[in-house]
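> Generate coordinates for the entire structure from the input sequences, incorporating the hints supplied.
Number of protein chains: 2
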Amino acid sequence: MTRSETGNWEWICVARLVGTLLEVRCMADFTLLRELTTTADTKIVLLVMDGLGGVPKEPGGPTELESAHTPNLDRLAVESMLGLSIPIGHGITPGSGPGHLALFGYDPVKFLIGRGVLEALGIGFEVAPDDVAARGNFCTVDDNLLITDRRAGRIPTEKCAELVNKLRTIRVPQVEIFVEPVQDYRFVLVFRGKNLSPRLNETDPQRTGHQALEVKAQAEDAHKTAEMANRWIAAAREILKGEQRANMVTLRGWAKEPGLPKFTDIYRLKAQALAVYPMYKGLASLVGMDVLQGLRSLGDQLRALKANWEDYDFFFVHYKYTDSRGEDGNFEAKAAEIEKVDAAIPRLLDLKPDVLIVTGDHSTPAVWKAHSWHPVPTLLYAPRLGRRNEVKGFGETQCQAGVLGQFPAVDLMPLALAYAGRITKFGA
Amino acid sequence: MTRSETGNWEWICVARLVGTLLEVRCMADFTLLRELTTTADTKIVLLVMDGLGGVPKEPGGPTELESAHTPNLDRLAVESMLGLSIPIGHGITPGSGPGHLALFGYDPVKFLIGRGVLEALGIGFEVAPDDVAARGNFCTVDDNLLITDRRAGRIPTEKCAELVNKLRTIRVPQVEIFVEPVQDYRFVLVFRGKNLSPRLNETDPQRTGHQALEVKAQAEDAHKTAEMANRWIAAAREILKGEQRANMVTLRGWAKEPGLPKFTDIYRLKAQALAVYPMYKGLASLVGMDVLQGLRSLGDQLRALKANWEDYDFFFVHYKYTDSRGEDGNFEAKAAEIEKVDAAIPRLLDLKPDVLIVTGDHSTPAVWKAHSWHPVPTLLYAPRLGRRNEVKGFGETQCQAGVLGQFPAVDLMPLALAYAGRITKFGA
Numbered sequence: 001m002t003r004s005e006t007g008n009w010e011w012i013c014v015a016r017l018v019g020t021l022l023e024v025r026c027m028a029d030f031t032l033l034r035e036l037t038t039t040a041d042t043k044i045v046l047l048v049m050d051g052l053g054g055v056p057k058e059p060g061g062p063t064e065l066e067s068a069h070t071p072n073l074d075r076l077a078v079e080s081m082l083g084l085s086i087p088i089g090h091g092i093t094p095g096s097g098p099g100h101l102a103l104f105g106y107d108p109v110k111f112l113i114g115r116g117v118l119e120a121l122g123i124g125f126e127v128a129p130d131d132v133a134a135r136g137n138f139c140t141v142d143d144n145l146l147i148t149d150r151r152a153g154r155i156p157t158e159k160c161a162e163l164v165n166k167l168r169t170i171r172v173p174q175v176e177i178f179v180e181p182v183q184d185y186r187f188v189l190v191f192r193g194k195n196l197s198p199r200l201n202e203t204d205p206q207r208t209g210h211q212a213l214e215v216k217a218q219a220e221d222a223h224k225t226a227e228m229a230n231r232w233i234a235a236a237r238e239i240l241k242g243e244q245r246a247n248m249v250t251l252r253g254w255a256k257e258p259g260l261p262k263f264t265d266i267y268r269l270k271a272q273a274l275a276v277y278p279m280y281k282g283l284a285s286l287v288g289m290d291v292l293q294g295l296r297s298l299g300d301q302l303r304a305l306k307a308n309w310e311d312y313d314f315f316f317v318h319y320k321y322t323d324s325r326g327e328d329g330n331f332e333a334k335a336a337e338i339e340k341v342d343a344a345i346p347r348l349l350d351l352k353p354d355v356l357i358v359t360g361d362h363s364t365p366a367v368w369k370a371h372s373w374h375p376v377p378t379l380l381y382a383p384r385l386g387r388r389n390e391v392k393g394f395g396e397t398q399c400q401a402g403v404l405g406q407f408p409a410v411d412l413m414p415l416a417l418a419y420a421g422r423i424t425k426f427g428a
Numbered sequence: 001m002t003r004s005e006t007g008n009w010e011w012i013c014v015a016r017l018v019g020t021l022l023e024v025r026c027m028a029d030f031t032l033l034r035e036l037t038t039t040a041d042t043k044i045v046l047l048v049m050d051g052l053g054g055v056p057k058e059p060g061g062p063t064e065l066e067s068a069h070t071p072n073l074d075r076l077a078v079e080s081m082l083g084l085s086i087p088i089g090h091g092i093t094p095g096s097g098p099g100h101l102a103l104f105g106y107d108p109v110k111f112l113i114g115r116g117v118l119e120a121l122g123i124g125f126e127v128a129p130d131d132v133a134a135r136g137n138f139c140t141v142d143d144n145l146l147i148t149d150r151r152a153g154r155i156p157t158e159k160c161a162e163l164v165n166k167l168r169t170i171r172v173p174q175v176e177i178f179v180e181p182v183q184d185y186r187f188v189l190v191f192r193g194k195n196l197s198p199r200l201n202e203t204d205p206q207r208t209g210h211q212a213l214e215v216k217a218q219a220e221d222a223h224k225t226a227e228m229a230n231r232w233i234a235a236a237r238e239i240l241k242g243e244q245r246a247n248m249v250t251l252r253g254w255a256k257e258p259g260l261p262k263f264t265d266i267y268r269l270k271a272q273a274l275a276v277y278p279m280y281k282g283l284a285s286l287v288g289m290d291v292l293q294g295l296r297s298l299g300d301q302l303r304a305l306k307a308n309w310e311d312y313d314f315f316f317v318h319y320k321y322t323d324s325r326g327e328d329g330n331f332e333a334k335a336a337e338i339e340k341v342d343a344a345i346p347r348l349l350d351l352k353p354d355v356l357i358v359t360g361d362h363s364t365p366a367v368w369k370a371h372s373w374h375p376v377p378t379l380l381y382a383p384r385l386g387r388r389n390e391v392k393g394f395g396e397t398q399c400q401a402g403v404l405g406q407f408p409a410v411d412l413m414p415l416a417l418a419y420a421g422r423i424t425k426f427g428a
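Protein chains in written order, with our numbering: chain A, 1 to 428; chain B, 1 to 428.
It is possible that part of the hints are untrue.
Straight-line distance between alpha carbons at most 20 Å, and here's what the computed SDA-like set of lysine to any residue pairs gives [what the hints assert, rightly or not]:
{"hint": "1", "chain 1": "B", "residue 1": "K392", "chain 2": "A", "residue 2": "P62"}
{"hint": "2", "chain 1": "A", "residue 1": "K392", "chain 2": "B", "residue 2": "E390"}
{"hint": "3", "chain 1": "A", "residue 1": "K256", "chain 2": "B", "residue 2": "A428"}
{"hint": "4", "chain 1": "A", "residue 1": "K57", "chain 2": "B", "residue 2": "A428"}
{"hint": "5", "chain 1": "A", "residue 1": "K369", "chain 2": "B", "residue 2": "E390"}
{"hint": "6", "chain 1": "A", "residue 1": "K57", "chain 2": "B", "residue 2": "E390"}
{"hint": "7", "chain 1": "A", "residue 1": "K320", "chain 2": "B", "residue 2": "K425"}
{"hint": "8", "chain 1": "B", "residue 1": "K425", "chain 2": "A", "residue 2": "A401"}
{"hint": "9", "chain 1": "B", "residue 1": "K392", "chain 2": "A", "residue 2": "A401"}
{"hint": "10", "chain 1": "B", "residue 1": "K43", "chain 2": "B", "residue 2": "T424"}
{"hint": "11", "chain 1": "A", "residue 1": "K369", "chain 2": "B", "residue 2": "D41"}
{"hint": "12", "chain 1": "A", "residue 1": "K110", "chain 2": "B", "residue 2": "G329"}
{"hint": "13", "chain 1": "A", "residue 1": "K369", "chain 2": "B", "residue 2": "R384"}
{"hint": "14", "chain 1": "B", "residue 1": "K425", "chain 2": "A", "residue 2": "V367"}
{"hint": "15", "chain 1": "B", "residue 1": "K425", "chain 2": "A", "residue 2": "A370"}
Derived Cβ-Cβ restraints for the label pairs, each shown as a range [as the list claims (entries may be wrong)]:
{"hint": "16", "chain 1": "B", "residue 1": "A336", "chain 2": "A", "residue 2": "A370", "range": "16 to 24 Å"}
{"hint": "17", "chain 1": "A", "residue 1": "E220", "chain 2": "B", "residue 2": "P383", "range": "32 to 40 Å"}
{"hint": "18", "chain 1": "B", "residue 1": "K352", "chain 2": "A", "residue 2": "E220", "range": "50 to 58 Å"}
{"hint": "19", "chain 1": "B", "residue 1": "P383", "chain 2": "A", "residue 2": "A370", "range": "36 to 44 Å"}
{"hint": "20", "chain 1": "A", "residue 1": "T208", "chain 2": "B", "residue 2": "K270", "range": "26 to 34 Å"}
{"hint": "21", "chain 1": "B", "residue 1": "P383", "chain 2": "A", "residue 2": "S297", "range": "35 to 43 Å"}
{"hint": "22", "chain 1": "A", "residue 1": "A370", "chain 2": "B", "residue 2": "K270", "range": "24 to 32 Å"}
{"hint": "23", "chain 1": "B", "residue 1": "H223", "chain 2": "A", "residue 2": "T208", "range": "39 to 47 Å"}
{"hint": "24", "chain 1": "B", "residue 1": "E339", "chain 2": "A", "residue 2": "T208", "range": "54 to 62 Å"}
Source of the hints: derived by calculation from the structure; they are not laboratory data.
Being a predicted model, the structure only gives us computed values, none of them experimental.
Virtual Cβ for every residue (Gly too), placed ideally from N, Cα, C.
Right, here's the structure in full:
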């Protein structure tokens, strides 16, 4: 088991041990908002450019956002409040799940979404409250069942789908089973039934030369699920044993739907998610947003926004490709994606939102080719009540000088609600 | 009991009542970092100018740092990220212990180092895990043992050492005893043995006209230690009774080695401390740094840094005299000390650190002649991934406009680790 895996377990165990404590604190957090939020005839739009934040390619030069030609965002910035949001903490790089939870107002260190559930959300699988989901890997074992390749030679996705089809034939008593291909050697396994528990160990030994581990219960209530999992693995082994490369599986990241408090309840917001990628639709559904299916482009999203404008209080619009190009390490392509979003701004403003937020869930600097910890440029446009910055455009440097300063990303929702006239006074 | 004493006791009682709670939360904090930190072939240098922060001598004028001629730091500032760190909280003035714990990433309100242990560290006494240490004061009592001077007329340090030598003859069964002179009327008493407890009251009544208090156990497990302490005090009284001034002792700040989590464990950093003064070497050893002994000057420290560069990931370099001159109230002398450190910067940069931090553990404004609560100028140089400030030099005013903004000092270590490529992503 690698250090990171051990750490993961320790973290989860500690999180469980202090569960009561944390729940009390979280409840307390939202209890204040539950008490103070009120309804109003106002509209909020949260436009997320995934991985928006960046760093200069050359020392002293502009970031991706600063080098992009964004006349609409620049004009809007002058009339808006700018700041830099910190998704989790100084120096901490968020994954997509924690990054979005923070934007939605949920402390991502308190509200954990297990990897199995995230993986299921990522392919658009709807996880029910009683489900237990795991991420599966195909792997290669030798005659003694010792793992020789933990990723089965990175088989192509088509092969993955073909094998998953075979695994769908496995039946285990008292449980409904779903197997879904993800990408390459990865798949999702979901058990649906009564009294299932995700408190199971991971079967990947995290190194070659060892057998896959047996599934064991990590809590009293998990014995039944462990037995089901072992039965399923044994059957999968039988089905796969003739395969050259993908002749065994490992399972990890056992998780249940996290049961997050919902937008309607804590914010009194009827919210709609307008996203293209399954992961973000899934995350939005976890916090109680209605998810509009079938959107394939920013154009679709803008049309849907206009069409549904009267039916919702809050819209989450997600744009993925800024992050993708950052991950590619393509500085100019990321700037070009930002320009595409910039071109959509006038159509957004035509709807006259009371609050429009333009931000990211984290930074993805092209020079780093990955998510990073850098604070995220944030623009909050609230024509009625805003204080103004002395800025000329939208960029990291301008945001640093903005009236919002640096602030925790979880504070963005209270700010949005306040500027939309949706939070009443605390205390007399 | 004075108000300040009452407050102290209340605080200690509350701290004890919520002991378990705090431990759990702290564990959780570091559990996140334990999970996320990874190793990398990168070097971090933390250069601490003690008490660096200051305030202007004349309204609107420069601070000590701003008035100092610091061409090297100014040049570095342009290529770095600046900010102001808050050691504990707005308005809270840190002692040396809390100030450094915060820089090392340990919440100084959660991780308390008792005064007895701090005093022992300050004279270079190595406190073992089973030791109980107290700070002792010589005092003057009359024939009825009523205290007439709580500081024994501030006897000179030589006299203190002479009396400590006599007190070293005291034997108490089942415990090894160390007595060490500190300064003037102050000494350190250390009990070493099995099952000792520091949960004892202070014997100083905090005002004259009263007898020194008896030592009483504040917890079930402290009765044995209380009895030992009372025996030792009775023997000390016998030895001292012929003295004119220092004819009695009081004891306070009973404490054990705090058992802090270690740098190697929580950050995966092999760290070396390059400090001249015992207190800072002691603090560094509490967090698991290797301490290089025998350094007497900044020159020694720089030579050691170069000599040990390949053997460590992290170096803590401590410079004391900025604080000393601030405490003296000598504005120009403090600026001159900053200039001496500035002259050393090129030799530091020659080593090509991946991250170089220049900061202080707290402010010591010369006009205040003492530690203060003012946020501390901080420079973080990370050539690969930094966002840039629009600044022209290193000073409090420039730091206020820096990209790091104002931030809690405990966040400096996560930032350093992130910029050194030593923190992996949180969540998927």
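> Determine for every hint whether it applies to the structure shown.
Evaluation of the provided hints:
1. B/K392 <-> A/P62: This hinted pair holds, its Cα atoms lying about 18 Å apart.
2. A/K392 <-> B/E390: Since the Cα atoms of A/K392 and B/E390 sit roughly 15 Å apart, the hinted pair holds (cutoff 20 Å).
3. A/K256 <-> B/A428: Satisfied, since the Cα-Cα distance of roughly 15 Å is no more than 20 Å.
4. A/K57 <-> B/A428: 26 Å, violated
5. A/K369 <-> B/E390: 25 Å, violated
6. A/K57 <-> B/E390: Measuring from Cα to Cα gives roughly 17 Å; hence the hint holds.
7. A/K320 <-> B/K425: 18 Å, holds
8. B/K425 <-> A/A401: 28 Å, violated
9. B/K392 <-> A/A401: Distance of about 16 Å is within 20 Å: holds.
10. B/K43 <-> B/T424: Holds, because 17 Å separates the two Cα atoms, which is no more than 20 Å.
11. A/K369 <-> B/D41: 19 Å, holds
12. A/K110 <-> B/G329: 46 Å, violated
13. A/K369 <-> B/R384: 13 Å, holds
14. B/K425 <-> A/V367: 17 Å, holds
15. B/K425 <-> A/A370: 9 Å, holds
16. B/A336 <-> A/A370: 16 to 24 Å: 45 Å, violated
17. A/E220 <-> B/P383: 32 to 40 Å: The hinted range 32 to 40 Å is violated for A/E220 and B/P383, with Cβ atoms some 53 Å apart.
18. B/K352 <-> A/E220: 50 to 58 Å: 55 Å, holds
19. B/P383 <-> A/A370: 36 to 44 Å: 18 Å, violated
20. A/T208 <-> B/K270: 26 to 34 Å: With a Cβ separation near 28 Å, A/T208 and B/K270 satisfy 26 to 34 Å, so the hint holds.
21. B/P383 <-> A/S297: 35 to 43 Å: 39 Å, holds
22. A/A370 <-> B/K270: 24 to 32 Å: 25 Å, holds
23. B/H223 <-> A/T208: 39 to 47 Å: Given about 57 Å between the Cβ atoms, the range is violated.
24. B/E339 <-> A/T208: 54 to 62 Å: About 57 Å separates the Cβ atoms of B/E339 and A/T208, which means 54 to 62 Å holds.
In this structure, the earlier hints numbered 4, 5, 8, 12, 16, 17, 19, 23 are contradicted, and the remaining ones agree with it.
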